[in-house]
Amino acid sequence: MDISEKEARDSLDQIQAVACHTRRTIAASYDSSLLMMWGLIWIAAFLGTHFFLRWVWWIWMILCGIGAIVTFFVCWSQFRSGNPVKVPASEKIGWRIFLFWALLYVYIFIWLSILKPGHGIQLNAFICTAVMFAYIVTGLWFKCYYMLWLGIAVTCTTLLGFYLIPASYYCFWMAPTGGGALFGTGLYMRLFWK
Amino acid sequence: MSSLVALDSGEQIDFVHLRQILDLTDGNLGAHLTKLENAGYVKVEKTFIARKPRTFIKATDKGRDAFDEHIATLKKIIRGPKNEIQSEPVYETTD
Numbered sequence: 460m461d462i463s464e465k466e467a468r469d470s471l472d473q474i475q476a477v478a479c480h481t482r483r484t485i486a487a488s489y490d491s492s493l494l495m496m497w498g499l500i501w502i503a504a505f506l507g508t509h510f511f512l513r514w515v516w517w518i519w520m521i522l523c524g525i526g527a528i529v530t531f532f533v534c535w536s537q538f539r540s541g542n543p544v545k546v547p548a549s550e551k552i553g554w555r556i557f558l559f560w561a562l563l564y565v566y567i568f569i570w571l572s573i574l575k576p577g578h579g580i581q582l583n584a585f586i587c588t589a590v591m592f593a594y595i596v597t598g599l600w601f602k603c604y605y606m607l608w609l610g611i612a613v614t615c616t617t618l619l620g621f622y623l624i625p626a627s628y629y630c631f632w633m634a635p636t637g638g639g640a641l642f643g644t645g646l647y648m649r650l651f652w653k
Numbered sequence: 012m013s014s015l016v017a018l019d020s021g022e023q024i025d026f027v028h029l030r031q032i033l034d035l036t037d038g039n040l041g042a043h044l045t046k047l048e049n050a051g052y053v054k055v056e057k058t059f060i061a062r063k064p065r066t067f068i069k070a071t072d073k074g075r076d077a078f079d080e081h082i083a084t085l086k087k088i089i090r091g092p093k094n095e096i097q098s099e100p101v102y103e104t105t106d
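Chain order of the listed sequences is G and Y. When we follow my numbering, the leftmost residue of the first sequence carries the number 460, and every step to the right adds one. When we follow my numbering, the leftmost residue of the second sequence carries the number 12, and every step to the right adds one.
Honestly, the hints are just simulated from the structure, not real lab data. It is possible that part of the hints are untrue.
Stated by the list, open to error - Taking lysine to aspartate or glutamate and the EDC-like style, the derived pairs with C-alpha atoms no more than 16 Å apart in a straight line are: (1) Y:K86 x G:E466; (2) Y:K86 x G:E464; (3) Y:K73 x Y:E48; (4) G:K602 x Y:E48.
Since the model is a prediction, treat every value here as computed from it, not as a measurement.
This is chain G alone, in the form it adopts within the complex (with noise of 0.2 Å):
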């Protein structure tokens, strides 16, 4: 069999696009509908303690259990209907998955009990930078870099907004380049990769 360099080179493009198409695939399959609702929550809970600040306790908690409470139930019911992807039972990941993130708001209490962030903005700037945290790690260790590169992002937009924005307007930036990101990250994810 006869093969020019051309058609070796187009048969190792097609073989990338493909190999990069399912991961895409797959990862859009697992999280972009829960990127979505994170990224409206972001937006939503921002820009409700830009112009309600009084009930900042309230709207973040609420929100963030809704958000929690639906996380749970949609990988719940993605575990009992079969993910698109069976791995071996030893390779059984998924109660790692959920006891990092649950470890990481235990550990998130008990920095922030240490540390007694003086004014909200410290406390939200450093949430969102641990948040983001576990997704460069979760990004790092699932080898999902549109996670990897999603946390660098919106870490920087956190300390650009932390660093250079009038305190008064923190929130009201972080509303578009947090949430918005989230949200646009999953969007992106539905409409290009599926």
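Following the hints, put chain Y in place on chain G, whose structure we already have.
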């Protein structure tokens, strides 16, 4: 085969999901998989999840090795001193 090798070793993908990814018909994908299965490159496993029949497919070690060999051959052709070289077919059964 590219799709299956893109998964981690040991991971299996649902037939319906694979069909959607590759944008193929049931018959077309089934025919491809039968050829690959006969060559020992993939393993097809039928099971029931929530009382519904599901078919999972995974690349075998032999299939992964053959695929790696195929990729290596293509890369050798691209890097080779001559533009065209004689290469051995890796897959006897596909396409």
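*Could you tell me which of the numbered hints above are not met by this structure, giving the numbers in increasing order?*
Hint 4 contradicted; others consistent.
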